[in-house]
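Just so you know, the sequences run in chain order A and B.
For what it's worth, the working numbering labels the leading residue of the first sequence as 9, then goes sequentially.
For what it's worth, the working numbering labels the leading residue of the second sequence as 101, then goes sequentially.
FYI, nobody ran anything at the bench for these hints, they're computed from the structure.
Where is the CB? At the ideal position from N, CA and C, for every residue including glycine.
Take these hints with a grain of salt, some might be off.
[Claimed, not checked] Partner residues are not named here, just some residues of chain B that face chain A (Cβ under 10 Å, in silico):
| # | residue |
| --- | --- |
| 1 | G127 |
| 2 | G129 |
| 3 | R217 |
| 4 | F218 |
| 5 | A257 |
| 6 | L269 |
| 7 | S272 |
| 8 | G512 |
| 9 | F526 |
| 10 | V527 |
[Unchecked claim] 25 Å max Cα-Cα, derived SDA-like pairs, lysine to any residue:
| # | chain 1 | residue 1 | chain 2 | residue 2 |
| --- | --- | --- | --- | --- |
| 11 | B | K267 | A | V124 |
| 12 | B | K267 | B | S233 |
| 13 | B | K243 | A | E242 |
| 14 | B | K195 | A | D273 |
| 15 | A | K263 | B | K195 |
| 16 | B | K338 | B | N326 |
| 17 | B | K226 | A | M129 |
| 18 | A | K17 | B | N111 |
| 19 | B | K243 | B | S233 |
| 20 | B | K338 | B | L319 |
| 21 | B | K226 | A | V124 |
| 22 | A | K172 | B | S391 |
| 23 | A | K172 | B | S387 |
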Amino acid sequence: MANASNDSKEVWITGIGLLSCFGEGIETHFQACKQGKPGSVDTERFAPYPVHALSEPDWSQQISRRDMRQMEPWQQIGTYAAGLALEDAGAKDDEDLCGRMDMIVSAGGGERDIEVDSNVMAEARTSNNVEGLLAERLSNDLRPTLFLAQLSNLLAGNISIVHKVTGSSRTFMGEEGAGISAIETARARIASGQSDIVLVGGGYNGEREDMLLFFALGGYLREGLPAPIGTDSEGMVLGSIGAFLVLESADHARKRGAKPYAALDKVAALHGPRGANQASARMQEALNGLSVPSGTPVLSGATGAADITEEELNLFASHMPDSPLRTFTGLFGHGIETQFPLGVALAALALKKEAFFGPLSPGETDAGSEMTPQQILVSLAGHNRAEGLALLSKVAGA
Amino acid sequence: MSSSSTRDSRNRPIVAVTGVGVVSSLGTGKQENWAALKSGASGIHRIERFATDGLRTTVAGTVDFMELDQLSAPSLTHALAQTAAREAVSESGIKSDDFPGPLFVASPPVEMEWQHRFELDGEDPKSTESGYSRLLAAARTGKHDDMYELLQFGRTADRLSDEFGTKGLPISLSTACASGATAVQLGVEAIRRGETDAALCVGTDGSVTMEALIRFSLLSALTTQNDAPEKAAKPFSKDRDGFVMAEGAGALVLESLESARARGATVLATLSGCGEKADHFHRTRSSPDGSPVIAAVSRALGDAGVSADQIDYINAHGTSTPENDRMEYNSLKEVFGDAIHSTPISSNKSMIGHTLTAAGAIEAVFSVLTLQNGTIPPTINYDVPDPDIPLDVVPNVARDKPVTNILSNSFGFGGQNACLVLSNQFV
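Next up, chain B with everything else stripped away, as it sits in the complex (with noise of 0.2 Å):
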């Protein structure tokens, strides 16, 4: 048994955070990504992947310069973690290859690709089969092994694993929206079992294809204000239509505090506390009362053993649609009741876009550097609030406030609803 002062209130072990490391389509790394959320900049842009004739949104917040043999989705996702959790691990001061934990990933689901199925269609320009038929037999060749690879879901995870040396059978998740925030949430709920001192946790999202942004389009959840690509993304605002696809990666090194200060490591801050709860009311849609996201909030602040009115700043879901963003004040201001609005509250998509798969772990990122710099970054575009959403967001300027107590908030499609509270104790 450790001291007590390793342990909360619980007895469990203190989760630090001892390395952060992300990219987004502002930038590699922290210091590039801190130094535009700082100052408001956005990484929204028109689409140059391919062509957007005829299409209703035209706009993402894509990672285009990352170095890769041939762009796929699988091949960008894995880019953007590797990088991210590279630069995670380096600040921990764990040697790069032998991490002494685990590895949980959130990723996209992965899909083949239509480069993919044009490739094997023109293989054989005789043949005669059609279809699915036609890609069979092209795959019977025996020439695919490279795409096989890359396509199966549990490369990438397997790939980091190689490369940072964690231990056991790494771990692939998908919680939709939420995935980021889930992986902490593993890495943290490892940590407390007392299976390991450290996990390496990685939220990542390299997925937008042109059909992945025409089914979201088809979902009607994308915004379609393209003549003005950074000022598309506006949470709570009034004419806020929709959320922007974007890529990103984000990167945590998680470790009993105890094992952080035993190895003389730099506490960044601590994961005190993780909620869930799933919502059964629609696939795609919240429930109306918010009584899933009022409890995952909750469950948040219990585990962590902090009020709401301990909470000095919201990290927020904040996607910029119309639904998503009334629901989370609405469920926020049952838990915080008035004060909710005079908590800040801001959304680092604004700048960012919608990072999907690696949204809260990118998020949590941006909450450690909060903490750190004692700096809220704002909810830029906020031209037309929207009187309905009557929120402190920190509107279009960051704000110069230190923080104690962040709450850091994702949901997702499937009724996933993951939060996080990340506080600077002990650091």
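Pulled out of the complex, with its shape left as it was, chain A reads as follows (with noise of 0.2 Å):
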């Protein structure tokens, strides 16, 4: 699905909004993957699950108290993240061009009430009759909004109220494979001409026991203490995450003045059983498709999940011996739904600036710390399905 028939306008990256563990902004992040140390990682609060914490920012900037009160968390990290991409787009406040911006957002689920499920829990234990325990506490202790909080287009919806983004507002959903295809079909709407601008991206909350619980129940949690991405990885370390990007036709960006940071040309978005090395069967077979030059460094998402980030870094060692590889996961946690999204905006800031980052994760030698690249890969094999590439290309003279 990678090219398109009708896929004739070159797409640029107009706008990031990055928050994570590291805070907030182009920046800090940039730095942040030149410095190759992991963000802050509170290990007891969900022990013994490690996650790396969100860096709160001054909400305010971003999303006003009234607003603020009617989110769960997940909600106000996308939207942060989004405004600030819409800011570095040159697009906030814009009321025309965010009433015909179009939006695709990555999503899961939103935020139990924890304590309502607790309460339940406790008072089920003794109970004779849980369904009628159930309606009770139900209808008595759910706040009204948090559903809310809790449906996945919810924050698409949220974004529209705060940043008065309305051309158009779609949620994917469905684990890592949700950023892939967003971010694939946001780019074939604009190539092929069915949309000038999309922001594109998404926002996730990992600090949440019902999260965690949920990929606990596959075994694919980290316990303890973080440990770097390799090949020897053996469980994922969830991060908050907000990533967003503004993409644009170059004519379009052009005619309002808007300066890219990279091009995104090409996006494979694939599907398929999991059996041994099948993912990366799957994946060489679409690199063949989208001719990377050799030696075009590699930034991978990889999960930590066990055997896939394996299959995923050995695919890159054995297949394209010659470009240097970094995975950025052990800096800022895995986002599930955000972590192509940031792979991508993390590229486009590699570019922009014209520079590549030291090694991430220890396997990775200084190979390519200091070049200049003309191109990079983004990676991300899903931990359980879903593998996306995408290649980013500098703009002359951007």
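Using the hints, put the two chains back together into the complex; each one sits in its own frame.
Structural data, given as structure tokens:
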């Protein structure tokens, strides 16, 4: 699906909004990658599970207090990062532009009310009418507006309300694949002329017991201290991350004087069985289709989940041995639906800054640390399904 | 470049519908559903899935006839989608395990359910932990791969993709109660981009759980007219007081007209236009001036290249909430002018309830059936007209009338508005 026949317009990245354990902003995240040290990790609050906890911004810079009260953290993170991206693209508060801007958000679901759930479970242990108990407790204890903080599409809804982005609004779900599809679809719409400008990305709160429970059920979480991402990785460390991009046709950007970080040339969104080396075989086939030049640096969002991380990293070691490989997940944690947008954002930053990064994980060598990349390949093999590749290139004279 | 006859006035590939499938509380498949729709039957009934003592609303359009190993929202949601998609793909004549294009699935957000929490909570009766710590301890035993599989957001689309052999990474999406229409819209766009000749678009929802019902109740969105369940959904009536939660799935095989003709497929209808516009007014309410709905309707007409007077039937969003139906009328009046008073408009939700994530897809399927059969399904339970909504709602009895262009509306929480135009050109 990577190459559409009706795919002629150049697609630029003209705005980036990032929020993570390092804090907010472009420079903060570029420096974090330059320094290559993991951001703050909280090992106690959700022990035995470490998480990359959000470094909280001054929320009022993007979201009014009134709107803040209507949102749970995952929405606040996403809405804040979306505001940063709009600001960066010179689109914030431009009513006309935001009014025709399209939007694709990658999202999961919202937070539970942990206290209500815990009370119900405690009472249910001794109840002889569990359904009656549920009906009574939920009817009385659930905050009516909590539902609106849980619906997947209500991050997009909040972005519409707070930032007035209303051209269109779509929410993709499905863990890492949601972020991959969001980027792929946004790019395809612009390349084909179906849209001029798209706000795309997601918000993820990894500091949630209900979220940890989900991944713990599948045995995907690392316990104890976080470990660097490498071929021996055995579990994921979640991270709270907001990552949004403004994608725009080059013509549209030129007309309004917006400057590109980079061009988003190609995206491949892959799916299929996950037997041994089946994912890497798919990725290798897609790489051939993308015709990535030899030596192109690779920025991987490898999840840290056992086996698939090894498979993804080995693919590049064997298939693109001349390419410097950097895995950024150890710095920020794994942001699930936001991971692919984050990778694309970091690649765009590096191209704009004409600088690549030093080793971010122990297995990586110094080679390429000082290079001036012309193109960067972003890679992500989802922990359980979905693989994505994106090829970005430097825009001459940008 | 193909011949001009398979491209629209903007030189985009014309998008044909070559297969449709549906499940609702009225039954399985097009035949059962259409017969019930034509006769004005209701699928709404008293909820038996869980105890409703003490709940304000006790009626719904649940689908209780699917065979499942264990009932849960994700498993029912999948079964409904699978059934509808099998019917659609079968009708299209496309190989049932090698679909030559992408999959778009509108599905409800997935959540752990109380049955799962109670199962984990009770796993170690000697545990001194409480709350989620106790659940996490149970999770760490490593015995819950099945629960994990069930609760992934991407799982329904993944399983459908595996079964039908769709291409690329399947897309799961939500635009709340407009989701089904958005799934269709994504398929139309992919075909128009020239990426693919075909797309499988599904909207599915099997998420009527006690907690889901209570949540909508807490937002005062549901009817409380429980005494006669089949009368509870009464769109556009003066005594409407909320929607009825319901379940079902709709599936459409979209295909470029060129591809459909090349393989000799029967064209059921064309998906001639889509329109969308988000609203920034409020999380659950529409802009008082209706401008986003007006824009979505206008864009759909513009995209289809038809004028308002060429629309001869409107498949309404028509939820039966006081606010939606009034807002829908006011907005349509802005676009259609006085013609809106003589344009037939009906709400399938009067019979099947509000199938939430699935609604836009199911209503697109019913629109195709309306085009094919030349019969407009009624709005049932229309006994007390609302003088503020002077519409021809095709009250209570189906109407035989040839139809050429249908506007199908879908609106949702979070400012979502998506409209489709379906036509019987090129059929």
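Point to revise | In rising order, the numbers of the hints this structure does not comply with | key: Failing hints, ascending: 1, 2, 9, 10, 11, 12, 14 and 15.
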